[in-house]
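**Student:** Construct the entire structure; sequences and hints are all you get.
Protein chains: 4
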Amino acid sequence: MPGRPFLQIPGPTLVPEMVMRAISQPLIDHRGPKFAALLREVLKGLRDVFQTKEGQIVLYPGSGTGAWEASIVNTLSPGDRVLGCVNGHFSALFCQTARAFGIEVDVIEAPYGVGIAADQVEERLHGDKGHKIKAVIVVHNETSTGVTSNVAAIRHGMDRIGHPALFVVDTVSSLGSIDFRFDEWKVDVALTGPQKGLMLPPGMAILAISEKALLASRAARCPRSFWDWTPVLERNSRGEFPYTPATALIFGLKESLSMLAEEGLAQVFWRHARLAEACRRAVRGMGLKLLPKNEQEYSNTVTAVCMSDGFDSDAFVAHAQKTLDLSLGIGLGKVKGKVFRIGHLGSLNELELLGSLAAVEMALKSFGIAVPMGAGLAAAESYLMEAPTHVAGA
Amino acid sequence: MPGRPFLQIPGPTLVPEMVMRAISQPLIDHRGPKFAALLREVLKGLRDVFQTKEGQIVLYPGSGTGAWEASIVNTLSPGDRVLGCVNGHFSALFCQTARAFGIEVDVIEAPYGVGIAADQVEERLHGDKGHKIKAVIVVHNETSTGVTSNVAAIRHGMDRIGHPALFVVDTVSSLGSIDFRFDEWKVDVALTGPQKGLMLPPGMAILAISEKALLASRAARCPRSFWDWTPVLERNSRGEFPYTPATALIFGLKESLSMLAEEGLAQVFWRHARLAEACRRAVRGMGLKLLPKNEQEYSNTVTAVCMSDGFDSDAFVAHAQKTLDLSLGIGLGKVKGKVFRIGHLGSLNELELLGSLAAVEMALKSFGIAVPMGAGLAAAESYLMEAPTHVAGA
Amino acid sequence: MPGRPFLQIPGPTLVPEMVMRAISQPLIDHRGPKFAALLREVLKGLRDVFQTKEGQIVLYPGSGTGAWEASIVNTLSPGDRVLGCVNGHFSALFCQTARAFGIEVDVIEAPYGVGIAADQVEERLHGDKGHKIKAVIVVHNETSTGVTSNVAAIRHGMDRIGHPALFVVDTVSSLGSIDFRFDEWKVDVALTGPQKGLMLPPGMAILAISEKALLASRAARCPRSFWDWTPVLERNSRGEFPYTPATALIFGLKESLSMLAEEGLAQVFWRHARLAEACRRAVRGMGLKLLPKNEQEYSNTVTAVCMSDGFDSDAFVAHAQKTLDLSLGIGLGKVKGKVFRIGHLGSLNELELLGSLAAVEMALKSFGIAVPMGAGLAAAESYLMEAPTHVAGA
Amino acid sequence: MPGRPFLQIPGPTLVPEMVMRAISQPLIDHRGPKFAALLREVLKGLRDVFQTKEGQIVLYPGSGTGAWEASIVNTLSPGDRVLGCVNGHFSALFCQTARAFGIEVDVIEAPYGVGIAADQVEERLHGDKGHKIKAVIVVHNETSTGVTSNVAAIRHGMDRIGHPALFVVDTVSSLGSIDFRFDEWKVDVALTGPQKGLMLPPGMAILAISEKALLASRAARCPRSFWDWTPVLERNSRGEFPYTPATALIFGLKESLSMLAEEGLAQVFWRHARLAEACRRAVRGMGLKLLPKNEQEYSNTVTAVCMSDGFDSDAFVAHAQKTLDLSLGIGLGKVKGKVFRIGHLGSLNELELLGSLAAVEMALKSFGIAVPMGAGLAAAESYLMEAPTHVAGA
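Just so you know, the sequences run in chain order Y, A, F and R. Here the first sequence stands for residues 22 to 415, where the numbers follow the numbering used here. Here the second sequence stands for residues 22 to 415, where the numbers follow the numbering used here. Here the third sequence stands for residues 22 to 415, where the numbers follow the numbering used here. Here the fourth sequence stands for residues 22 to 415, where the numbers follow the numbering used here.
These are calculated hints, taken from the structure and not from any lab test. Mixed in with the good hints there might be a few duds.
Any copy will do: because identical chains look the same in the list, a pair fits if it lies in one copy or spans two.
Derived SDA-like pairs: lysine to any residue, alpha-carbon spacing no greater than 25 Å straight-line [as the list claims (entries may be wrong)]: (1) 207 <-> 72; (2) 386 <-> 412; (3) 355 <-> 260; (4) 233 <-> 121; (5) 343 <-> 39; (6) 310 <-> 406; (7) 207 <-> 242; (8) 55 <-> 335; (9) 386 <-> 298; (10) 386 <-> 305; (11) 355 <-> 251; (12) 55 <-> 283; (13) 55 <-> 276; (14) 275 <-> 38.
Small disclaimer: the values here were computed from a predicted structure and weren't measured.
**Tutor:** Take a look at the structure:
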């Protein structure tokens, strides 16, 4: 296909060419001095993106699902009880991972399209007088529904009642795109992957862990070897790894962290917010509805769009791919066939988004849905012209 | 700047990543057997793109302006007279190059925005009873005005009166994008660069030459050394060059020629025609006027747009660059400040074009020109949905 | 540092530029049709390299240590007993991984520098009348000692006494470099990483599994989620993954598999054997001793060299790195400080090896060890001139 | 072929991967502000490499032979007389270029293998009482013979007798590798290409010109258009070019200039000198003779080796290529078939050189020449161990 591909799935995102060029460097000895210096720099940069001074970073070759497992097996023991907050496909799978290791999961469930209610979490913890609940598990941004839960509010609730549970947050599709504050929100384990806001190819599991999580890991009795963070932390402190690290990705990570730092986190968040709002206005301009119910929970990295009645969203996604080489996200879990998703995260600019939205208009029309040509674009363009491109100070 | 750049100047165009990766290969000995095989393949592929069986290809490290010089010094002698067809900035410069070597240029001039009239050429040649005119020089696609002259018609005129002048055609912004037929139109020298339809970085001068041009070069007495095609042809026949060739670009050329072959020339031309028409409809939808006067001369690689009264096109181009990182072409020569140009050639697809057109709408509006948001896009999208994406058989 | 780096550690190896360019392609949707086709091709190519028609391939983002874990948790249950063959650092760690999941490991231990004796394995299994031993675990090529154990002989021993234990083989530093035959040797789980003979950057765990291993996994009760191969196999059959795969590495894998296929496995093994023998002769020419005791167990991917008395091999490795930018492998486990290792695997040719060996001579001399300049090189060159470059038929 | 290629021709040299990655960046508008900044930086860096404060730089897409032409047509008029110093293939061709433009060339000829004698130049100029000689043309480093002429001494000779001729020096295979001082030696035109010491792919002609050369260009009447430096200088001062520049190479040039600056010119020269001496000692250790006669004229970028009697050097070069994938330079001009050349310039390190020399030993032996294995290597290694790797202060 001529021209450049448009990959508007909610991750992996297209890797910026500067990052790809960094990845292409000749490999170096992962036991040598150059690697040690590289590792130090990357760990420092990740702490900045997690907004943590105290937290420690753990890197594995792996994936976001591997990061789920790492967060479980390092902090919990078989038979432990956790509070699992489920409001979509990925939060459900996260809880499933916990169960695979013998953890009992008390579930708080919110419908697809709605965030986790902080007061509900507070209430459940309030009822747990014996502090049997060892951890609260929540997904910051549900990639399957385009909903961002209020992690700060959940933290406040936990604080209010003084519950000692560990706070474990999946930031796979939020870190580096949506404001996430490890220290301020007193998160104990935050986990992510490289292929979203960090703008890398997939292939890593990334954790930030608190002192409290570290303490918990000493008592945790889930069997673990590969995911055991103790030797990683110990060897990392000497600039090494207990296994062969994904050197090429770490080269790329250094570059992508430096791009985020140069743009500035506040500006990165604002850019995502602005593009996301433009996308939502375009979708409404096309006459379609969003899956998320509450404006304050709209995700700034992915927009889940309800398919018109009588049309299958999976078929639509295949149609857009086939006719316009545009990759969109399908509906997952309970909204399979009913929702398609537009990813707008990572290294993305206005022109790329507008080209994608124009293609969505065209693909909908040719799929048989009555969409007024240009209406979505007009809405997006108008918003983009009003909304400043930069946050104050950036 | 986050995201990918949009380079909608009428060349250089963005290099497809497969071509860029071919360019990045380790250099090889330009006197070795691998190079000889590469050269043979590339010369064959270029003949296909020029649509010639009989013509020979000459490659130089250089540029399109170097190709002008090569076409002059190899075929003409100081004091020779040529008929120079001028309808824009680049055709004027081409004639200027001839004059630098002592060639007398009889000029046929057409206004900016109009193609060269074949009957005018015929008439002038008809008046040249003594066959003093040694060559007719014409630019197939005037990049400065977005006008494609009817080269076939000019050839027919020359044939009608049986004038023996060489037919020298600049195909810099047409080859590989707009139908050009070296053999059928009995062109003697066609010249181009790599950075337009051939989808490479700039850095080469490329010629296709007829048997008649070869004969002419034996008598031609312009001083020449670097541009002398005789040693190039002689060494090329042995798979070599008389100088160090631009090996990396030749690696890339092999890849881009194979991409063109795979898409098929007919489909490549149709893709350009379709995107060009979408662009023109968008421009009109925005309420702006095209510089070209005659529909049948509209260029399929570049659209020259008349700036609204009271606005400077150079300032607008700078504004689009600054606010949206969109690169457009400025007005050149007589239309400096009055025209901006949208390039739509090379490896380009619908989404890239639509993103660019949306940005043009936004940039015009924020520059102070009353443009209805989305109107241009609606026109482009509607056309793209009607017009088939592929030619029959492709 | 000017010039190209020499990375003569026993993996990761330098990635061929064609593979690196494949890796650099724009990411594609891992749920789309292009990915499905890519996956099918890669799984087929891996089966060829494992020399299996019946085995199934399982790919994870991860590392060789992750592959150990996958081989354990999918086939065994806590309390199971296995026979662990330990003859170096990595085989010891593999057994350690098993123990982390509650597996009891009966150990057969061979000294560093010696391979696993097939008759010892046979004897131990013979003693296990009740078939309590569920698996035999062996490392094909001990990267820490440069010793290749005779896997075929171990299989024959198992067959002779008809013991039903699973046969689990680590091929991390042998696959794609040293002859390994999954089907012929009736291996049940073979595991590897991408960064050695497969010539990729690190970041994956790769398994080949037999029907018998698949059956075992249904009964196995080790807790597992990320490493569970059941959903991988199930989704792979539809061209998908249950998690985000390491797409970029899979792009590269396609290329490296096609390079191996083009060279031909037999020729790849011979090239490694020839370069390895040249290396060993050079080492002896320098007056140094090999760690491996038995000629028929010499590894063709890594040569472990005994450091001269009174010198620390770690310091020597650091010295070679610092003075000549040559990366060598340090001594691991019981031979830490006593052995350095020269890796000669992956995409390597004679000139690279000879340059490295010359540097080893120089580094030894400047480190204070009396080495006759050129003596090692003479031995290597002489051998390389005698030994044919290609196997018959290649 | 597995492994990395060894390209030991005297240019083009292998491009460092950092430079290649810079070249692979997405193209930018050559009329935009980013390009202007890039151009300024590159022109500054080139001045540093030419060691000039006052000289101006002129860049063309082209080649070294194009740079010859540019130096002629900009400074001379048909009928002008120049003193052409010929001591090899390339200096002879340079003079041929001058003749193509009607320049009369008085030749000083030195045998292949000997440098230009400064006193001979002085004597000839001394005889030119009427100052008919407009320029002295000399090649700093004759790539065909591996001889470096003493440009400083020639300048001193010219100064001694106060001859006003322009001093035109070809630095194609010396700039960025062998000390060349534009200002100190009062050179008027120095010309080079990018594919040697500047470590880029071929495709440019690069000039440094003095105020005196600029003045001369106003009077020069050679016909010129593409090579005319006046519009280049005029447009460069505004950050532009009168033609489409080779943007990708200019991206690379920025990187290679910064690599040279980081290493430091003095260290770059020393590295070349040290590797060259190691190469010469190896050649003698193999029992072969150098073509250059005088030690003080030995080139530090290329070593021309006399082929053993009864053997054809072209056939040997083809043999080395075929059997070991080693690219060497053939004999050119009068020494065709009698000399092969080893290039050792650009981004090269000890291990690469040693690997190449080992391959030369092997190729000679298998070609039928009695060479003691390892002897050349021993000589090279011994020298490299004695000679410090860095100049004082670097």
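**Student:** Work down the list of hints and note, for each, if the structure agrees.
**Tutor:** Cross-check of the supplied hints:
no., hint, verdict
1, 207 <-> 72, "within (11 Å within a copy, 52 Å between copies)"
2, 386 <-> 412, "between (36 Å within a copy, 22 Å between copies)"
3, 355 <-> 260, "between (44 Å within a copy, 22 Å between copies)"
4, 233 <-> 121, "both (24 Å within a copy, 24 Å between copies)"
5, 343 <-> 39, "between (29 Å within a copy, 21 Å between copies)"
6, 310 <-> 406, "both (23 Å within a copy, 24 Å between copies)"
7, 207 <-> 242, "within (24 Å within a copy, 36 Å between copies)"
8, 55 <-> 335, "between (47 Å within a copy, 16 Å between copies)"
9, 386 <-> 298, "both (22 Å within a copy, 20 Å between copies)"
10, 386 <-> 305, "both (15 Å within a copy, 22 Å between copies)"
11, 355 <-> 251, "between (38 Å within a copy, 23 Å between copies)"
12, 55 <-> 283, "both (23 Å within a copy, 18 Å between copies)"
13, 55 <-> 276, "both (15 Å within a copy, 21 Å between copies)"
14, 275 <-> 38, "both (14 Å within a copy, 18 Å between copies)"
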